[in-house]
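If you're matching them up, the sequences are chains A and B in order.
Note that the numbering used here has the first sequence beginning at 30, numbered continuously upward.
Note that the numbering used here has the second sequence beginning at 60, numbered continuously upward.
Just so you know, the hints here were simulated from the structure itself, not pulled from any lab data.
Honestly, I wouldn't trust all of these hints.
[Stated by the list, open to error] BS3-like, lysine-lysine: derived pairs with alpha carbons at most 30 Å apart:
| no. | chain 1 | residue 1 | chain 2 | residue 2 |
| --- | --- | --- | --- | --- |
| 1 | B | K413 | A | K269 |
| 2 | B | K412 | A | K165 |
| 3 | B | K412 | A | K269 |
| 4 | A | K164 | B | K413 |
| 5 | B | K100 | B | K172 |
| 6 | B | K100 | A | K202 |
| 7 | B | K172 | B | K211 |
| 8 | A | K165 | B | K420 |
| 9 | B | K172 | B | K108 |
| 10 | B | K293 | A | K202 |
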Amino acid sequence: MSTPQAGLHDADEADMATVSRQTSVYVYEAPVRLWHWINALAILTLVLTGYFIGAPPPSMQIAEATHQFVFGYIRFAHFAAGWILTVGFLGRIYWAIFGNHHARQLFYLPIWNGRWWREVFFEVRWYLFLESEPKKYMGHNPLAQLAMFCFITLGVSFMIVTGLALYSEGLGKDSLLYAMFGWVFTLFGNNPHYVHTYHHLGMWWIVIFMIIHIYVAIREDIMSRQSIVSTMISGHRTFKDDRPD
Amino acid sequence: MSQIETFYDVMRRQGITRRSFIKYCSLTASALGLGPAFVPKIAHAMETKPRTPVIWVHGLECTCCSESFIRSAHPLAKDVVLSMISLDYDDTLMAAAGHAAEEAMRDTIERYKGQYILAVEGNPPLNEDGMFCISGGKPFVEKLRYAARDAKAIISWGACASYGCVQAAKPNPTRATPVHKVITDKPIIKVPGCPPIAEVMTGVITYMLTFDRLPELDRQGRPAMFYGQRIHDKCYRRPHFDAGQFVEAWDDENARKGYCLYKMGCKGPTTYNACSTVRWNEGVSFPIQSGHGCIGCSEDGFWDQGSFYDRVTDLTQFGVEANADRVGMAAAGVVGGAVAVHAAISALKAAQKKTQSQASKEEA
Numbered sequence: 030m031s032t033p034q035a036g037l038h039d040a041d042e043a044d045m046a047t048v049s050r051q052t053s054v055y056v057y058e059a060p061v062r063l064w065h066w067i068n069a070l071a072i073l074t075l076v077l078t079g080y081f082i083g084a085p086p087p088s089m090q091i092a093e094a095t096h097q098f099v100f101g102y103i104r105f106a107h108f109a110a111g112w113i114l115t116v117g118f119l120g121r122i123y124w125a126i127f128g129n130h131h132a133r134q135l136f137y138l139p140i141w142n143g144r145w146w147r148e149v150f151f152e153v154r155w156y157l158f159l160e161s162e163p164k165k166y167m168g169h170n171p172l173a174q175l176a177m178f179c180f181i182t183l184g185v186s187f188m189i190v191t192g193l194a195l196y197s198e199g200l201g202k203d204s205l206l207y208a209m210f211g212w213v214f215t216l217f218g219n220n221p222h223y224v225h226t227y228h229h230l231g232m233w234w235i236v237i238f239m240i241i242h243i244y245v246a247i248r249e250d251i252m253s254r255q256s257i258v259s260t261m262i263s264g265h266r267t268f269k270d271d272r273p274d
Numbered sequence: 060m061s062q063i064e065t066f067y068d069v070m071r072r073q074g075i076t077r078r079s080f081i082k083y084c085s086l087t088a089s090a091l092g093l094g095p096a097f098v099p100k101i102a103h104a105m106e107t108k109p110r111t112p113v114i115w116v117h118g119l120e121c122t123c124c125s126e127s128f129i130r131s132a133h134p135l136a137k138d139v140v141l142s143m144i145s146l147d148y149d150d151t152l153m154a155a156a157g158h159a160a161e162e163a164m165r166d167t168i169e170r171y172k173g174q175y176i177l178a179v180e181g182n183p184p185l186n187e188d189g190m191f192c193i194s195g196g197k198p199f200v201e202k203l204r205y206a207a208r209d210a211k212a213i214i215s216w217g218a219c220a221s222y223g224c225v226q227a228a229k230p231n232p233t234r235a236t237p238v239h240k241v242i243t244d245k246p247i248i249k250v251p252g253c254p255p256i257a258e259v260m261t262g263v264i265t266y267m268l269t270f271d272r273l274p275e276l277d278r279q280g281r282p283a284m285f286y287g288q289r290i291h292d293k294c295y296r297r298p299h300f301d302a303g304q305f306v307e308a309w310d311d312e313n314a315r316k317g318y319c320l321y322k323m324g325c326k327g328p329t330t331y332n333a334c335s336t337v338r339w340n341e342g343v344s345f346p347i348q349s350g351h352g353c354i355g356c357s358e359d360g361f362w363d364q365g366s367f368y369d370r371v372t373d374l375t376q377f378g379v380e381a382n383a384d385r386v387g388m389a390a391a392g393v394v395g396g397a398v399a400v401h402a403a404i405s406a407l408k409a410a411q412k413k414t415q416s417q418a419s420k421e422e423a
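Same shape as in the complex, but just chain B (with noise of 0.2 Å):
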């Protein structure tokens, strides 16, 4: 077996100085939410691991993971972030193609087995035996099992991989299926998201190389430090929320001046996410910011949810469009109109047994 480079050796090849590096190091245990004690153990980690063999596999999905993960500003840039780790295969990334790219992958799984990271980006479908989903001229879904079977652990990007995302939406004809359905026997960790956040994914990766263990996830197995609040919890539109103060129209005042967007949608309420706060493109703003409201994306089956654009969802299993608001009306509407019906034949009836008894005491 060859000696691979530790992550050090190789930011320092790339041109990074040392001050950089204790740099990223120090931003880095701050993002994960790690107190300054943990920056020399970071660095350590760093200056004597070896690199962790990844192996990036694509199936039915948007490349939306992939284009994010690239453009990742801390940690750094984005040619350190491919060297940090040992990306031993991605199909869409490596110059290498077809019989040699898969050979690179196979290579990669024999001599590193139970010691390299799974990345899955997008998801198996597993109707017609896979065959809506064909890599290196195979179904999809047996080079996720081939990948799974050896991986020390799995990473699932995206909404695809952990939710299944668009192709999964209802009435889902290729029965795209997450990964965490189809692989059982291998730790999980999902970083959902359409795409998730440059900086999330990275900080998920350094922490899982720097400590060598999955970070402390949540119920649904996202990792708790990106996704333990929502992203109204930290929205900085939030005051306008308290008071009472919404977008009526996109065209309105009200959306000039920047106030909640609850009534047009936002998802923000129901959305665990770190948009809030770490943002996007080296934090220059998030969909909020920008004047939409959360769409919902980290969650499960955000599609399937409404309209992007409602609060109280469609239910669809009433045949019709119709949301528990007119649902709800029409039931107690109609329950409202047998009680006005039933109490009008109630005082009838109590009128006619009246009449009768007095006309039988009138008998008698």
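With the rest of the complex left out, here is chain A (with noise of 0.2 Å):
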């Protein structure tokens, strides 16, 4: 072990020590992290508008109607994001092909992995506070895997997919947006005002997510093994111990 540089007057030896062994990994390339912050920012726009257009604010006379678009402009807002959300999600898709492994790990389950299986239930124990330490991933842990698939590559699919159905019913019944996505009225019922009210539902359960999903991100930062909310800035996954496992 070398002395203490001039530029790290503040460290000791056992810092020393921890540095030169301590090295990251790095995980989430930048269009993974470009990703996240665009959709999170596209999901929350979605769901404050989303919300305003199932039980709109109260009327509001600050012109008469030809010069005030007030509702359109919620709309408006709902339906670029809409679009934003749509076309980075398939970017997502793209990243997932010719990205690192880390970036398909949002689009698949090894559910015929017998040590993955045991990890989600270690995951379940470490959060119901019966393990006392957490083991250390370099991407998601199994159990975070699960439930990005289920909110995220499930839900948002599923959002997207309604979603351009009810906004192809405004572009018209002869709109490709509606030969494209026609069936999903079918899907459901053959009245329109099940999609809405599915997609409605699938707003809450986004909701329930973004709750869980802010939640975990800063405990774990916080208590794991491992830097979490940093990660999807930098990219970087780095260590508080050099332990293997």
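Take the two lone chains, each set in its own frame, and fit them into one complex as the hints suggest.
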């Protein structure tokens, strides 16, 4: 171990020993991080405006209806954010194919892998306070992967498909989008009202995800043995100890 | 087989001038979304084609479809409409009754096998072998099957025949079943609504007579020319929707000003029909114009979409009357509460671990 450098005047011997051992793993490449934050903003916009589309704000008398477009702008923001979410999700699928193997975790579950399942239940025990110490993971832990798959991969896909179907109604039945997504109405009982209801329930599904996701990310950042929040900013996973497991 | 009169013959016999006849043809052409080039084609068809025999049967229904039909303004007056088609059997409208009436139906079916159009108003209930609807001494479902066997095509009039309507609403005790689920081997055109608009009904018939085929249908089998757009798309109150100006209560100032009825549960955004363009009673008005939201009567299962006065549907699956918002908020509340409790326990555990490790350090 070399002597401390001039720039590390606040580090003692023990610190330097740690620094020399601990390195980080580059997990989330730039497209994944960019997608994550764009997606987060889009979802926030979609939830807020979507709620208002189902339950409009109180009537406003700013001008004659010709010059006032309040509800129109709310819907515009919803549709614009919806398209950003859709294009972003397609881009994310592209990156799952061409990015590193961590980028693929969102899109498959290794359900035939016994060890994976054991680690899912280990994580469940960790969240039930039955394990004193969590394991270290480069990407998502198995329970997080399961949750991501159900909430984001399935949840967002459902919202995109039902959302585009509802949007295509506004474009008209002769639109290309309606030709692509008209089957959604047949699937959900032939009455567009059902699709509105399920799309609305899907919003709450995503809201529940947001609550859990933000809580768990902050909790694990503090309590686990690895970085969580900063990893989605820098892409680097750092570890708080050098034990292998 | 006796020579059947053409439509034109009938109209002239009814005292309709040729001028009025040509006007009718051009009105019909525009109502069907066809160009002026089609006016002579319609006129030609009317002048040369024999009238198509129609058998009109009534199952579980309220006769509002017939009531609407006989009030059609364009094409012309009701008597001409009824003569346009050769309405050989309609137990509600025909003069004959009893055995004579049933004989007329049998006769028409025998004489025009594969030629006639079967118009069905109402639907057959299937529970108890169809005993909940008896027509001519037999369950209606038997009459329907009998009349459908040799029909060229079937028109399902109204929400009853198309989707089941109120008698098929949950829990549907008589198992009232829409026509297309009973007759599966014939082309069926659905003309839903409770009732359908008179001009839509006569427009559909005119199209079928003129072109000898079904009009273009949408995914659900409704004529696209009348059910291709939502009430919302052509609603004259739409600017207030986009402005965010809504009726908040039935007796408020906004209601008087004619603002959008979205918050009052208007189903215009999810309903495909021609009310906001064709309107009712010779174009006088339609529900939204009279200050009441659309109830979505031309959509499948409109009685089971919760209250007519709510935007977000009640979800009866949850036992109590709950809508998507209440279910979602409850679930989010539970999860949020669980997260808070979990965070508290996590903090306590962390504190406990810290004191324990400090204690063990001090011991060492």
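Q) Going straight from one Cα to the other, do B:K172 and B:K108 come out at no more than 30 Å? A) Cα-Cα ~18 Å, so holds.
Q.
Just to be careful, I want the Cα atoms of B:K100 and A:K202 compared with a cutoff of 30 Å; is the pair within it?
A. holds, 28 Å
Q. Is it true that the CA of B:K412 sits at most 30 Å from the CA of A:K165?
A. With a Cα-Cα distance of about 19 Å, the restraint between B:K412 and A:K165 holds, given a limit of 30 Å.
Q) Between B:K100 and B:K172, does the CA-CA distance stay at or below 30 Å? A) holds, 27 Å
Q | Hinted pair A:K165 and B:K420, Cα distance within 30 Å | A | Distance ~25 Å between A:K165 and B:K420 Cα, so the pair holds.
(Q) Hint check: B:K293 vs A:K202, CA-CA at most 30 Å. Holds or violated? (A) holds, 14 Å
(Q) Checking one constraint from the list: CA of B:K412 to CA of A:K269, max 30 Å. Satisfied? (A) holds, 16 Å
Q) Holds or violated: are the alpha carbons of B:K413 and A:K269 at most 30 Å from each other? A) holds, 16 Å
(Q) Run the distance test for A:K164 versus B:K413: straight-line Cα separation, threshold 30 Å. (A) Distance ~19 Å between A:K164 and B:K413 Cα, so the pair holds.
Q) Do the alpha carbons of B:K172 and B:K211 lie within 30 Å of each other, as the hint requires? A) holds, 8 Å
Violated hints for the displayed structure: none, as all numbered hints are satisfied.
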